[in-house]
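*Asks:* Residue-level listing of the chains:
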Amino acid sequence: MLLSITKNIHEWLFSLMPENVASIVEMTIIAIIYLTGFAVAGLFLVLMERRIAAWFQLRRGPNRVGFHGILQTIADALKLVSKELTGTIKADKFLYNLAPYFVIITALLALSVLPFTQDFQAFDINIGILFLIAISSIGVIGILLAGWSSNNKFSLIGAMRSGVQTISYELSVSLSLLTIVLMTGTLQLSEIVEVQKNGWLIVQGHIPAVIAFMIYMIAGTAETNRTPFDLVEAESELGAGFHTEYSGMKFAYFFLAEFINMFIIASIATTVFFGAWLSPFGITESIPLLGIFWFLAKTFVIVFLMMWFRWSFPRLRIDQILTLEWKYLLPINLVNLVVMAVIVWLGLTIQF
Amino acid sequence: MEPIVVNNNFKSEEYFINMGPQHPATHGVLRLLLTIDGEIIKKVEPDLGYIHRSIEKMCERDSYQQIVHLTDRMDYLSSNINNEAVCLAVENALQLEVPERVKVVRTIIGELTRIASHTLWWGVTGMDVGAFTTFFYGFRDREMINDIFEETCGARLTMNYNIPGGLMFDIHPNFVKRTKEFVAHFKTKLPEYDALLTNNVIFQHRTKGVGVLTKEDAISFGASGPVGRASGYSCDVRVHHPYSALDKVKFKEAIRTEGDTFARYKVRIQEMWESLSIIEQLIDNIPEGDHKVATNAVIKLPKGEFYQRVETARGELGVYIISTGTKNAHRVKFRSPGFSNLSLLNHISVGSKIGDLVAIMATLDLVIPDIDR
Amino acid sequence: MAWLNNSILEDMGYFSDIYQGIKSLLTGMSITGKYFLNFRKGSITQQYPENRETLKMFERFRGEVIMPHDENNEHRCTGCQACEIACPNGSIEIIWDRQLDEESGKKKKMIDKHIYHLGMCTMCGLCIEACPTDAIKWGQNFENSVYDRKYLDRVLNKPGSKLMKGVEE
Chain G
1 MLLSITKNIH EWLFSLMPEN VASIVEMTII AIIYLTGFAV AGLFLVLMER RIAAWFQLRR
61 GPNRVGFHGI LQTIADALKL VSKELTGTIK ADKFLYNLAP YFVIITALLA LSVLPFTQDF
121 QAFDINIGIL FLIAISSIGV IGILLAGWSS NNKFSLIGAM RSGVQTISYE LSVSLSLLTI
181 VLMTGTLQLS EIVEVQKNGW LIVQGHIPAV IAFMIYMIAG TAETNRTPFD LVEAESELGA
241 GFHTEYSGMK FAYFFLAEFI NMFIIASIAT TVFFGAWLSP FGITESIPLL GIFWFLAKTF
301 VIVFLMMWFR WSFPRLRIDQ ILTLEWKYLL PINLVNLVVM AVIVWLGLTI QF
Chain V
353 MEPIVVNNNF KSEEYFINMG PQHPATHGVL RLLLTIDGEI IKKVEPDLGY IHRSIEKMCE
413 RDSYQQIVHL TDRMDYLSSN INNEAVCLAV ENALQLEVPE RVKVVRTIIG ELTRIASHTL
473 WWGVTGMDVG AFTTFFYGFR DREMINDIFE ETCGARLTMN YNIPGGLMFD IHPNFVKRTK
533 EFVAHFKTKL PEYDALLTNN VIFQHRTKGV GVLTKEDAIS FGASGPVGRA SGYSCDVRVH
593 HPYSALDKVK FKEAIRTEGD TFARYKVRIQ EMWESLSIIE QLIDNIPEGD HKVATNAVIK
653 LPKGEFYQRV ETARGELGVY IISTGTKNAH RVKFRSPGFS NLSLLNHISV GSKIGDLVAI
713 MATLDLVIPD IDR
Chain P
726 MAWLNNSILE DMGYFSDIYQ GIKSLLTGMS ITGKYFLNFR KGSITQQYPE NRETLKMFER
786 FRGEVIMPHD ENNEHRCTGC QACEIACPNG SIEIIWDRQL DEESGKKKKM IDKHIYHLGM
846 CTMCGLCIEA CPTDAIKWGQ NFENSVYDRK YLDRVLNKPG SKLMKGVEE
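Protein chains in written order, with this note's numbering: chain G, 1 to 352; chain V, 353 to 725; chain P, 726 to 894.
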């Protein structure tokens with residue numbers, strides 16, 4: 001149904017105006033849809049985080065604005081928009097203003113390649129996973145810029161921590177995804193989903209895939225700078241970390257980007273390990289529209305897992321973060337990669 | 353006040369950072385001047401005085417009944433024990449024998465205060481090392497104790513329940529029942545504390561071997577309370593100089609020898625168990641009797657010097673009163689545990705990371721009004 | 726964390742470390758997870774302004790000092806100033822004078838105003854303990870915020886009130 005709608009709009013646009021104009025208009029429409037989705041997803045995730053945190057902590061959470069507090073984050077966003085943008089006098093103004101856009105644009109870019117359901121994917125690039133990994137490493141530049149340019153030592157410490165952490169954990173994220181790519185033989189996300197019609201990859205790859213998933217979750221949590229890896233904004237050590245000097249909408253950009261990044265990390269896990277929009281055992285294969293439901297359901301389960309981590313664990317220290325990466329995750333990951341290669345070579349994967 | 357002399361002979365890689373007076377990890381208005389090389393701490397200089405209220409001077413102005421409530425505002429987390437210290441000092445000076453009932457009730461409330469303080473400390477320690485949820489679990493249990501206090505004393509934090517000569521009024525009829533409920537409840541929750549934080553691998557790595565304090569240093573810095581006991585220094589006033597009803601109960605002094613942050617943590621957890629056992633030993637047989645002995649409306653201490661030491665949740669509190677025989681004290685000096693424990697900070701945190709400093713400060717359990725007075 | 730050493734024993738420690746670590750993390754998650762699942766009955770916070778009706782403080786709660794008056798607009802304060810002397814902060818001021826008592830025809834000490842400065846009060850309770858006639862008591866009101874500090878200076882005896890009979894005996 002959805003597919004026919006998009007197809008109809010596509011044909012209608014192209015019949016109405018010349019090809020170039022039509023494709024530009026189409027792109028704009030897609031961009032607007034994604035931007036809206038982006039904002040809604042970000043606001044919803046903030047609300048979800050607050051509610052879930054409250055339930056973990058024997059509290060009630062936001063429940064005043066709207067029905068059960070559902071408009072709380074919208075009210076917060078409105079407040080942030082209307083706030084004055086303050087800044088430090090000795091800040092490097094250009095970089096200071098540039099930094100939030102780096103963070104938010106990279107988060108938005110990564111969203112474009114995610115396969116929400118069959119054919120509902122803005123940009124099905126043939127090196128999808130590589131693109132995602134590359135994009136996610138650009139975000140750290142924004143954080144580094146923010147910390148450096150705001151002329152605050154706490155921000156600088158936070159930013160440097162972020163740099164160290166993200167560069168280290170990139171390796172684990174990439175290697176654990178590479179383990180899975182060994183099975184699929186392609187980097188294109190739509191084809192990875194296609195492969196999983198014979199069973200989700202975490203099932204196909206059994207033991208090494210489960211290990212890869214665990215490593216991916218740990219490294220992904222570190223990539224998004226969330227507890228237990230939230231050294232960047234460790235509130236008991238640095239106050240607020242790299243975004244100490246930001247206010248209003250610029251702060252909101254950082255804040256939203258953080259949550260969108262969490263969503264992206266979870267969606268990649270869904271796409272690569274849990275069959276993206278494929279329903280379990282193909283129970284709703286006849287209704288393609290439900291693919292979005294399945295995709296979001298799986299993603300939010302993983303997001304919930306990350307929230308569960310956040311509200312259960314204490315924070316690591318900076319040297320322990322590096323120890324965990326270089327002395328534990330990386331060796332395990334490399335061994336795991338070889339094991340997976342052997343399994344694929346011997347054809348020991350589980351196929352339905 | 354003299355300005356802090358900035359040590360200028362630091363290396364080019366080093367820089368200063370101001371931790372506080374408004375900083376989430378300092379739990380109040382403590383300002384730390386850190387000299388840092390990257391993440392590594394080279395020097396910590398505490399700067400005090402942001403919450404100085406001249407309590408000692410006010411004690412010279414007020415009568416002996418009135419100074420009790422000022423001690424609420426020193427170490428506000430063990431306010432009842434502070435009150436008890438002043439009252440004991442005055443009673444000893446007057447050679448006043450308080451009824452047994454008062455002694456037992458004072459001890460029970462003192463131990464409840466200790467548990468309340470330690471639960472709050474536990475929650476805050478968890479929060480300082482990044483586990484936010486512990487804060488609420490700690491507060492949940494502390495809330496039950498606060499309710500007991502509120503029912504009996506009328507206040508949750510600054511209780512002022514002790515007066516020289518006994519208690520302001522008798523315990524509430526529900527006191528025993530509620531305390532028993534709490535003990536039963538807390539016995540099921542303490543293992544949860546262990547499962548959630550103590551045994552957590554991240555927490556153990558964050559705390560073990562961090563901020564090591566040797567026994568010799570503990571003694572020479574005047575460390576007391578859980579900080580001293582974690583270094584193997586047996587310094588529990590309740591054991592060595594028992595006061596109130598503490599000579600009637602049996603309990604083990606919580607001592608560990610490692611002297612690191614984790615040892616300080618474990619000592620406090622163990623102290624909560626010991627406090628529970630003290631309460632259990634006393635709660636069933638609170639002797640009948642008066643809740644106070646009559647004193648003169650104007651208390652005049654005999655001429656002389658009087659010292660009383662008690663064990664608050666943070667360590668040894670000493671109350672030193674010089675009296676010239678008038679209705680006011682000539683001089684009152686509080687030996688507060690927080691001040692000596694803070695003096696350790698530079699010694700044990702040099703060479704560790706910023707994250708470690710926060711963990712160390714959490715387990716020193718500093719209460720800034722106690723340090724500044 | 727155990728470093729990667731050459732000895733075999735240490736290598737075994739490497740894996741047991743991982744196992745123990747994951748186990749401890751899962752135990753911690755099970756604790757929070759348990760509370761998450763029981764969030765409906767476990768909430769320890771209160772929905773404050775909504776529960777005003779049911780929110781009742783304990784009878785000994787120290788909210789503010791009040792002076793109870795009976796239905797004849799009579800209080801029990803003789804103006805002895807014991808509370809004023811007992812107060813460590815000077816929160817209580819009693820303005821009194823000697824007035825002619827109608828019954829006995831003698832001049833008697835009577836309060837004109839019993840002023841209570843809530844802003845200076847530390848709720849120590851010494852005034853209430855000192856009062857020989859139980860004229861002042863603790864009120865359970867805890868919503869004491871006002872827009873101007875002048876509202877914190879209260880006159881406790883109501884206008885036109887007088888001393889209850891039989892208090893002085």
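The hints are simulated quantities; they were obtained by calculation from the structure and are not laboratory data.
A couple of the hints might just be wrong.
Lysine-lysine pairs mimicking BS3-like chemistry, simulated, CA-CA at most 30 Å apart [unchecked claim]:
#, chain 1, residue 1, chain 2, residue 2
1, V, Lys395, G, Lys90
2, G, Lys153, V, Lys395
3, V, Lys532, P, Lys781
4, V, Lys618, P, Lys748
Listed next, with one range per pair, are the computed distances between beta-carbon atoms [to be verified]:
#, chain 1, residue 1, chain 2, residue 2, range
5, G, Trp326, V, Lys539, 36 to 44 Å
6, P, Pro793, V, Pro373, 37 to 45 Å
7, P, Gln824, V, Glu452, 47 to 55 Å
8, V, Tyr402, P, Gln824, 49 to 57 Å
9, V, Tyr367, P, Glu775, 44 to 52 Å
10, G, Leu305, P, Pro793, 52 to 60 Å
11, V, Lys529, P, Lys831, 22 to 30 Å
All C-beta atoms, glycine included, are put in the ideal place defined by N, C-alpha and C.
*Asks:* Look at each hint and say if it fits the structure.
*Replies:* Now the hints, each set against the structure:
1. V:Lys395 with G:Lys90: Roughly 27 Å separates the two Cα atoms, so the pair holds.
2. G:Lys153 with V:Lys395: holds (17 Å)
3. V:Lys532 with P:Lys781: This hinted pair holds, its Cα atoms lying about 23 Å apart.
4. V:Lys618 with P:Lys748: holds (20 Å)
5. G:Trp326 with V:Lys539: 36 to 44 Å: holds (43 Å)
6. P:Pro793 with V:Pro373: 37 to 45 Å: Given a distance of about 44 Å, which is inside 37 to 45 Å, the answer is holds.
7. P:Gln824 with V:Glu452: 47 to 55 Å: holds (48 Å)
8. V:Tyr402 with P:Gln824: 49 to 57 Å: holds (50 Å)
9. V:Tyr367 with P:Glu775: 44 to 52 Å: holds (50 Å)
10. G:Leu305 with P:Pro793: 52 to 60 Å: Hint holds: Cβ distance 59 Å, inside 52 to 60 Å.
11. V:Lys529 with P:Lys831: 22 to 30 Å: violated (52 Å)
Checked against the numbered hints above, the structure breaks only hint 11 and satisfies the rest.
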